[in-house]
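Read off the chains here:
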Amino acid sequence: MKKEAVAVAPHKKQGFFGEIRQNFWLYMLIMPCILFAIVFKYIPMVGIVIAFQDYNPIKGMFGSEFVGLENFKYFFRGSQWLQITFNTLYLNVLFIITGTIASVVIAIMITELGKNLFVRFNQSVMIFPNFISYAVVAMFAQAFIGSDDGYVNRWIEMFGGNPISFYSESSVWPLILVIIRIWKGAGYGAIVYMAAIVGIDNGVYEAARIDGASRMQTIFRITVPMLKDTVILLTLLSVGNIFYGDFGMIYTLVGDNSMLFSTTDVIDTYVFRSIRTSGSMGMSAAVGLYQSLIGFFLVIGVNALAKKFSPESAIF
Amino acid sequence: MARKEKDSETLRTGQPFHLMSRGDKMVTIVFGVVIALFSIVCLMPFVLVVIASFTDEATLVREGYRFIPSKWSIEAYKAIFRSDTIPRAYMISIFVTVVGTVLSLLITAMGTYTLSCTQVRYRNKIAFFFYFTMLFNGGMVPTYILISKYLNLRDSIWVYIIPALLNPWNMFMLRNFFNDIPEALKESARLEGAPEWLILFRIILPLSLPALATIGLFYALNYWNAWMEAMLYIDDEKLYTLQYIIMKIIRNVNSATQIAVEGANTGTVVPPSYTIRLATAIVTIGPIIFLYPFLQKYFVGGLKVGGVKG
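First to last, the protein sequences are chains A and B. Counting from 63, one number per residue, gives the positions in the first sequence under our numbering. Counting from 14, one number per residue, gives the positions in the second sequence under our numbering.
Bear in mind the hints are in silico, worked out from the structure with no lab data behind them. Heads up, a few of these hints could be off.
[As the list claims (entries may be wrong)] Result set (DSS-like, lysine-lysine): computed pairs, CA atoms no more than 25 Å apart in a straight line:
no., chain 1, residue 1, chain 2, residue 2
1, A, Lys-121, B, Lys-162
2, A, Lys-103, A, Lys-121
3, B, Lys-91, B, Lys-162
4, A, Lys-246, A, Lys-177
5, B, Lys-91, B, Lys-310
6, A, Lys-177, A, Lys-103
7, A, Lys-135, A, Lys-121
8, A, Lys-177, B, Lys-310
9, A, Lys-246, B, Lys-310
10, B, Lys-91, A, Lys-103
11, A, Lys-177, B, Lys-38
12, A, Lys-103, B, Lys-310
13, A, Lys-177, A, Lys-121
14, A, Lys-177, A, Lys-290
15, B, Lys-138, A, Lys-370
16, A, Lys-290, A, Lys-370
17, B, Lys-138, A, Lys-369
The structure presented is a predicted model; accordingly, all values stated were derived computationally and were not measured.
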């Protein structure tokens, strides 16, 4: 990044075509990427017009009738938009808070334990779930919390409790999702914080130790405050994506189980479902646009904040 | 980085356990126990499902999940490898992952090289062109209509690969790496008259193997774990991926029974439809376990290189 800012174009001023001719092969090398972005990223942006149409699959994008804001009116008139917007935000806030705390705690504990075989082994183990697809995780979840054969219910029954029918009890799902998120991601998330802790100057710790600080004191007075910047930055960046639900997770785990929608249905699953059930494409596109627009302004705002906070962290 | 890590080693283990104060010893013990417990929790589902998949069907139904079942059996694995469905899905998943990753790495490396060459005047504008796609998107509906109606990728194996070819994020990660390669290397090759593609493949790529391995693994994992494309665009059962078969099994126990019947030994009385579900999940994560040492090395390394940006 810095390098580019310093480097000055060495050649004389040329027009657009001169530049293309001079670096023709370099522009050819990036052509596949550009074509890809045009077809799969920019053309769908044009496709947003569907949000303002009464989309008819046979007539297609160019033949369907324009209906103005009708799709949006229909979506915002019902109560569902509030529900899915709330769920998206609520679940993401839960994930960000619990995930950050879990990762930071793990990172601190691992770095405090130093480097030995025990720590290495445990670290390898706790990163592992991150690589497993949510489809497999959903299969595991069934094994654990399935209604009559699940592992958890067997234990509950053994201690004389009443088995819980998890897949029809929507109120426990935010908790279940948070637990799965931590199980899957906390160990992996800790890596960034560990890198930050390792980067802290050792002289600070040595000085504290000479002054007679205990280990808990060095953790709370040195490590935690030093991690503050990293935590704020990473939190900011995830807040930028707060309007996008964790589709892969929620759809694989909950799927089309409407009994759980009241707490788990997020914008992404809502749109996906309406595509699959061939509901109104126009309305789904309208919901998608609502999400993209708010998401866009959130990311822009958050990136601006992050840039102010730590200039190196933003790509642009 | 390496130096700093070494420093921390001397700091944290510099004071041997027996010389610590009592409070500090307690801290070590408590932390060790918590870390060990968390990794047990991380591992337990895998162990439980692996054991259950090796349990006799009737025993599993009767006793539920046990760490030590009363009767073992490999019938489920026999059945899934005798069936047509799973081996075929395996081949599809492997094809998609291998071909997809190679193509993705190729176009990402080519594009990133241009972005990292300072003589390209429009490189920052082009970079923004890619960055913008990370900020704003048309959403699922237009993409769906584009792929299924206008590109005719429905029921084609390429629907898994082509729409996922490029992730701009990986491009920017790779660019950080390319930028660190000394400009003089490229310059001297150019003076010798080497064309740009030769510089890329002969000089830049061999120097970037760790970075390529990292983003290659990102791509590979993404291809391997994909199921949404199958759900949206594939009707032909012959083109299902492993992950999608799992999705189908979760939704509908009958799909497991179907596999069980397909691969049933004429001698077996009960088709092992229940254990087959679990065995399918296990064979799906098999390659990941196999590749885990690499995954760990390069993912962790890549995450640190990406630093806070990750």
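Hints, one by one, checked against the model:
1. Lys-121/A <-> Lys-162/B: holds, 11 Å
2. Lys-103/A <-> Lys-121/A: Given pair Lys-103/A, Lys-121/A holds - Cα atoms ~23 Å apart, limit 25 Å.
3. Lys-91/B <-> Lys-162/B: violated, 41 Å
4. Lys-246/A <-> Lys-177/A: holds, 23 Å
5. Lys-91/B <-> Lys-310/B: The given pair, whose Cα atoms are some 34 Å apart, is violated under the 25 Å limit.
6. Lys-177/A <-> Lys-103/A: violated, 45 Å
7. Lys-135/A <-> Lys-121/A: holds, 23 Å
8. Lys-177/A <-> Lys-310/B: Judged against 25 Å, a Cα distance of about 16 Å means the pair holds.
9. Lys-246/A <-> Lys-310/B: holds, 18 Å
10. Lys-91/B <-> Lys-103/A: violated, 44 Å
11. Lys-177/A <-> Lys-38/B: OK: Lys-177/A and Lys-38/B at ~16 Å, within 25 Å.
12. Lys-103/A <-> Lys-310/B: Roughly 32 Å between the alpha carbons, so the hint for Lys-103/A and Lys-310/B is violated.
13. Lys-177/A <-> Lys-121/A: violated, 64 Å
14. Lys-177/A <-> Lys-290/A: holds, 24 Å
15. Lys-138/B <-> Lys-370/A: holds, 22 Å
16. Lys-290/A <-> Lys-370/A: At roughly 15 Å apart (the allowed maximum being 25 Å), Lys-370/A and Lys-290/A satisfy the hint.
17. Lys-138/B <-> Lys-369/A: holds, 20 Å
Hints 3, 5, 6, 10, 12, 13 from the earlier list are contradicted by this structure; the remaining hints agree with it.
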